[in-house]
Each structure stands twice: as C-alpha cells, then as structure tokens.
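> Residue numbers (my numbering), protein chains in the order written: chain A, 2 to 365; chain B, 9 to 275.
Honestly, the hints are just simulated from the structure, not real lab data.
In this text the structure is predicted, and so the values were computed from the model without any measurement.
Note that CB positions come from ideal geometry on N, CA and C, so glycine has one too.
It is possible that some hints are incorrect.
Across the chosen pairs, the derived CB separations fall in these ranges [as the list claims (entries may be wrong)]: (1) B:Arg144 with A:Gln225: 55 to 65 Å; (2) A:Arg27 with B:Leu157: 18 to 28 Å; (3) A:Leu301 with B:Val240: 50 to 60 Å; (4) B:Arg130 with A:Val342: 36 to 46 Å; (5) B:Glu134 with A:Arg170: 35 to 45 Å; (6) A:Leu108 with B:Glu134: 34 to 44 Å; (7) B:Leu191 with A:Asn261: 34 to 44 Å; (8) A:Leu43 with B:Asp128: 28 to 38 Å; (9) B:Gln84 with A:Arg170: 21 to 31 Å.
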Amino acid sequence: MRASLSQAGQAEGRLASPFPSLGIRRSALLLLAGLALGAFALSLALGPVFIPLDEVLRILLGGQASRETWETIVISIRLPKAITALLAGAALSIAGLQMQTLFRNPLADPFILGVSSGASLGVALVVLGGASVSVSVFGRSALLGDFGLASASSLGAASVFILIMAIARRVQNVVTLLVLGLMIGYLTSAVVSLLIYFSLPEQVAAYVNWTFGSFGGVTWGQMQVFAPALLVGLGIALASVKPLNALLLGEGYARSMGVNVRMARWWITASASLLAGAVTAFCGPIGFLGIAVPHLCRALFSTSDHRILMPSAILLGGTLAILFDFISQMPGARFALPVNVITSFVGAPIVLWVVLRRQSFVRV
Amino acid sequence: MNGLPATDAALWMRKLTTGYRRGRRAQVIHRHLDLRLRRGTLTALLGPNGAGKSTLPRTLAGLQPALGGEIWLDGQPLAALLANQLAHRLALVLTDRVDVGYMSAYALAALGRYPYTRWDGRLTLEDEAIVQEAMRLTHCESLAARPVLELSDGERQRVMLARALAQQTPVVFLDEPTAFLDLPRRVELMHLLQRLARTTGKAFLLTTHDLELALRFADELWLMAADGTFTVSVPDGADAHAALLRAFAAEGEAVRGYLREVGLSSS
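Please model the entire structure based on the sequences and the hints provided.
Shown next, in the form of structure tokens:
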C-alpha cells in the first residue's frame with residue numbers, strides 16, 4: 002500500500018490539484034521580517050531628535066557620529082528601548098498564541114495564568130508597601146528605583162510561575178489551570194486594592210504609572226536578564242509547534258496521535274509563563290498585543306498552522322510593539338502617552354473584529 | 009481461540025477485565041473478555057447507555073488501564089507500547105468537537121501524519137501523497153481547500169476519517185461516528201466504512217446506537233447488556249437475533265418487540 006501511494010503521489014506531482022499547499026510561505030514571512038527591520042531602524046532614527054539613518058548605522062557599527070549627543074541617544078536610550086519593544090512584542094504575541102491554542106479559547110491571553118498578577122503584586126508591595134522606594138520610582142530615570150521595581154516584579158512573577166508549574170504537573174484537566182490563574186488574579190488584585198486603600202496618593206500614582214507599561218525602562222544592565230529570559234522562552238515555544246498543532250484538535254486527539262499531553266502542556270505553560278512574566282516584570286502589564294497579534298496572524302495567513310503562526314507572530318508582534326511605542330511618543334518630547342493606551346486603542350477593535358468575523362462563520 | 013491468537017487478528021485480548029479503579033476499590037464493568045478484531049472487517053459495538061460502551065474502546069486504546077488480562081495490538085502487548093508506537097498502530101475518530109479556525113480540510117487530514125513527521129511537523133512528498141490518497145478514499149478531495157469551519161457535520165466526519173487513515177494504522181476506532189449525521193449521511197458513512205475495511209485491510213471498531221445500520225453493514229456485532237453480559241454475534245447468523253434479544257433482555261416489551269422485527273428483517 003505504501004509503494005502504490007508514493008507512486009500515486011509522484012504521478013500527480015505538483016500539477017494542479019485540489020490540495021492546497023502546506024508550506025510555510027517563506028516570501029510572506031520575509032516581508033514581515035523586512036517590516037520588523039524597517040520599524041526597528043525607524044525607531045532608532047526618529048524621535049524628539051532626528052538622527053539621520055547613516056549616522057545611526059555608523060553609531061551601531063561602533064564608529065564616530067557627527068555629534069556626541071546622538072551617540073548617547075542611540076546607544077543608551079533608543080537602542081535598548083527598540084530591542085525591548087521588539088522582544089516584548091514578540092514574547093507577548095507568542096505567549097498569547099500558546100494560551101489560545103492550549104485552552105482552545107480565542108480570548109485567552111498571556112496573563113491568563115496569573116504570572117503577571119504575581120508581578121503586579123510584587124510591584125505593589127514595593128511601591129505601596131515600602132514608602133522609601135516610591136519617590137525614586139516616580140522619577141523613572143532613577144536607576145536604583147528601577148532595579149528595585151524590576152526585582153520586585155520578577156520575584157512576584159517567579160513565585161506564581163513556580164506555583165503554577167508545580168500544579169501543572171499534577172492537573173488532569175487544563176481547565177484547572179485556567180481557574181487557578183483566574184483565582185490568583187483575583188487574590189492579587191484584592192491585595193493590591195487593600196494596599197492602595199492604605200497608601201498615600203503619590204504612592205498610588207507611582208503604582209498606576211507602572212501599570213501604564215513602558216518599553217523605556219530597561220537599562221543595558223537589566224537587558225542581560227531580560228533578553229536571555231525571553232530568548233529561552235521563545236526557543237521553547239518554537240520547539241513546541243508540532244504538539245501545538247496536534248492540540249488544535251483537543252487533548253483526546255492529540256494523545257491518540259502520540260503526543261505526551263501532560264508533558265507538552267507543561268512545556269507550553271512554562272514558556273508562556275516565562276515570556277509573560279519577564280515582560281511584565283520589566284515593562285509592566287502590556288495589554289492586548291498578546292490577544293490581538295495571534296488573531297491578526299491567523300487572518301493574514303488564513304491558517305491555524307503554528308509553523309506559520311509562530312514566526313509571523315514573533316515578527317508582527319515585535320513590529321507592532323515598536324510602532325505602538327513610537328505612536329505613544331508622537332505628541333512631543335515632554336508628553337508621552339502610556340503604551341497601554343495605544344495597544345488597547347488598536348487592540349480592542351481587532352479583537353472585536355475577530356469575534357464578529359468568527360460569528361459569521363457559524364452555520365445555522 | 010485457545011490461547012494463541014488467530015493470525016488475522018489486528019487486535020486481540022485475553023481474559024481482559026475492564027472497569028475503574030478508585031483508590032483501592034475496583035469497579036468491574038466486564039470480566040474475562042476474549043475478543044479479537046480481524047483485519048479487513050468492520051465490528052460494531054452496541055449497547056444501552058451505561059453498559060460501558062465507551063469503557064472497552066478506551067481500555068483498548070490505552071486511555072485507561074485494564075483491571076486485568078492482556079491486550080495485543082498488531083502483535084505487540086499494548087502495555088509495552090510507547091505513545092508514538094501506539095499512534096502507529098491505532099487511530100481514533102472521536103466525538104469531540106473539532107474547532108480549528110482557519111485550517112483547511114487538507115491540513116486537518118494531514119495532522120494524521122503526526123506520528124511520522126520530524127520535530128516541526130513538516131510533511132514530506134510521500135506524507136502528502138498518503139494524505140491525498142486517504143482523502144480520495146473517503147471522497148473528500150474536493151473539500152481539501154475548504155476551511156474546516158465551513159464544512160457540514162458529514163463532510164467534517166469524512167475528513168476526520170481521512171486523518172485517521174493517513175495515520176496508517178492497522179486498527180481504527182470510531183466513537184459514535186454517525187451520531188450527528190442525518191439518515192442519508194449515516195448510510196453513506198457506514199457503507200464507506202464497510203468498503204474501507206475490505207480495501208485497506210484495516211480493522212474498524214465503532215460504537216453506535218444505530219442498530220439497523222450495524223446489522224446491515226458490520227461483519228461482527230459486540231453486544232453489551234446493561235447487566236454486564238457480553239455477546240459476540242454475526243449480523244446474518246442464525247443466532248443474531250437471539251443474541252440481540254439476550255443483550256437487551258433487561259429492556260421492556262416495547263424494545264424487545266422492536267428488536268424481534270429488526271433482527272428478523274435483516275436475516
């Protein structure tokens with residue numbers, strides 16, 4: 002039977018057939034990669050101070066720029082910010098994609114597992130609980146304060162991460178994980194509300210400032226933790242495209258096709274939590290990218306194949322994060338909108354459109 | 009079958025006891041089953057709800073542990089098979105809702121190659137040829153480019169069947185494959201399964217409530233009664249209708265009267 006089948010395949014060859022291509026559409030992905038590169042370059046050149054692209058390139062290659070301030074702006078402000086936005090956008094999009102597939106729910110997002118709630122609790126404890134730090138936090142430039150903030154939120158995210166992973170090994174049903182994440186979210190927001198209730202107005206303002214999200218707070222020192230954490234998470238995610246595709250059919254089918262469901266679930270949860278936790282720890286809770294980008298990629302390529310969705314979500318997520326950050330600074334040098342405002346303004350209509358479009362598919 | 013299995017059995021079991029274990033207590037559903045699925049045949053598992061109609065296939069598919077006895081699948085003891093080895097020998101078509109978004113029917117059927125592909129799931133030309141042949145066998149090549157979302161229940165069921173065929177296993181289980189279909193689609197599906205059993209040489213086991221269709225198309229009937237008795241019968245055999253009555257003996261007169269008529273008309 003095997004022989005006759007392969008003969009049949011060769012005879013048909015790649016002639017016109019009713020069967021669509023299952024390839025990964027390299028040209029479209031290259032286009033997305035070009036877009037990401039373009040956005041990255043633009044974000045280095047444009048800003049309150051315009052720096053010509055050739056000067057930017059010279060600075061990046063270690064050469065001398067015409068003005069010394071340009072070098073400082075590119076190396077210590079724009080470059081880390083652009084890298085942070087690129088990585089964070091990619092990470093949130095991938096985590097969202099993984100959660101949407103794992104829970105088979107189009108509205109799942111990277112924060113569903115509660116890791117980000119842990120991060121916000123960590124920040125709240127430091128900002129609202131420890132009065133002394135709040136002043137330096139308020140002025141975002143203060144290095145010590147930022148590190149304190151990043152450590153606090155990392156610690157919060159990590160403790161929830163460890164809790165989730167310990168439980169994920171044992172649960173039979175994926176819904177248990179969902180409920181767990183939800184309850185962690187409620188509990189932490191209750192604690193945060195309590196802290197807010199007993200805090201001074203300026204402390205509350207500092208905390209709210211953190212919840213606005215920002216790609217600009219990651220220093221080169223922090224980048225040494227931030228970037229490797231995200232790269233590990235993205236690596237695990239890329240290695241899990243095959244089980245993710247099987248999980249599209251549900252756990253029963255996945256198991257029947259040879260997937261070790263419990264193991265796959267553990268690794269997927271691990272990488273999504275790592276990605277979402279690290280981003281929240283260093284950039285604050287960035288909304289909507291994680292939920293909207295996977296849907297955009299599905300619509301763009303009209304596929305559910307993670308071999309296409311995974312790389313395209315990385316590229317598109319990174320690009321959009323850079324663009325959103327760019328838009329948030331448009332009004333002027335002194336006045337920048339919070340990134341979260343922009344992501345929600347753009348993200349919410351996308352999700353709405355996806356849900357409505359889905360509705361039209363349902364047969365009567 | 010005294011101990012040794014018949015050579016044409018794709019799956020056989022000896023003294024198999026099925027049921028559930030909760031803590032130390034075991035709740036036995038069936039005791040000492042000696043059954044086999046022959047290659048190239050269609051077997052229908054019938055019985056009222058609550059008779060354990062899903063317990064046996066679940067046990068045979070390795071989804072729940074047996075309480076005793078042994079199961080041999082394609083010449084190997086089931087207990088010794090790794091997940092991937094099992095996926096090379098047994099494919100399932102479940103009643104689970106399949107909601108895969110924008111995926112095309114072809115991509116869905118191609119997931120059947122999962123146990124054979126490399127780490128990222130890329131299909132070779134040979135893999136694609138196998139999937140295409142499977143779709144041809146189940147008459148769904150014309151659906152290949154359509155999004156799964158747009159398929160009717162019957163069409164989707166055929167694509168899921170193609171996916172199971174593409175898995176290239178000697179045994180295929182189908183859990184109530186006719187449940188959501190209208191009558192013409194049910195007849196077509198049963199007819200298709202019967203023909204696939206003949207042409208591919210696979211052993212098909214399906215659970216169903218469609219007694220008449222099972223009598224018409226199946227090669228063997230496994231009848232489960234609510235009280236735990238288990239009867240094996242051939243649909244056109246002389247004892248078929250006696251076996252049916254035995255299997256449903258606990259039911260009321262209305263049911264038994266119906267069975268008498270159905271059993272007689274088919275034999």
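> Take the hints in turn and mark each one as holding or not.
Hint-by-hint comparison with the structure:
1. B:Arg144 with A:Gln225: 55 to 65 Å: For B:Arg144 and A:Gln225 the Cβ distance comes to about 56 Å; the hint holds.
2. A:Arg27 with B:Leu157: 18 to 28 Å: holds (26 Å)
3. A:Leu301 with B:Val240: 50 to 60 Å: At roughly 54 Å between Cβ atoms, B:Val240 and A:Leu301 fall inside 50 to 60 Å, so the hint holds.
4. B:Arg130 with A:Val342: 36 to 46 Å: Given about 41 Å between the Cβ atoms, the range holds.
5. B:Glu134 with A:Arg170: 35 to 45 Å: At roughly 38 Å between Cβ atoms, A:Arg170 and B:Glu134 fall inside 35 to 45 Å, so the hint holds.
6. A:Leu108 with B:Glu134: 34 to 44 Å: holds (39 Å)
7. B:Leu191 with A:Asn261: 34 to 44 Å: Since the Cβ atoms of B:Leu191 and A:Asn261 sit about 40 Å apart, the hinted range of 34 to 44 Å holds.
8. A:Leu43 with B:Asp128: 28 to 38 Å: holds (32 Å)
9. B:Gln84 with A:Arg170: 21 to 31 Å: With Cβ atoms ~29 Å apart, the hint holds.
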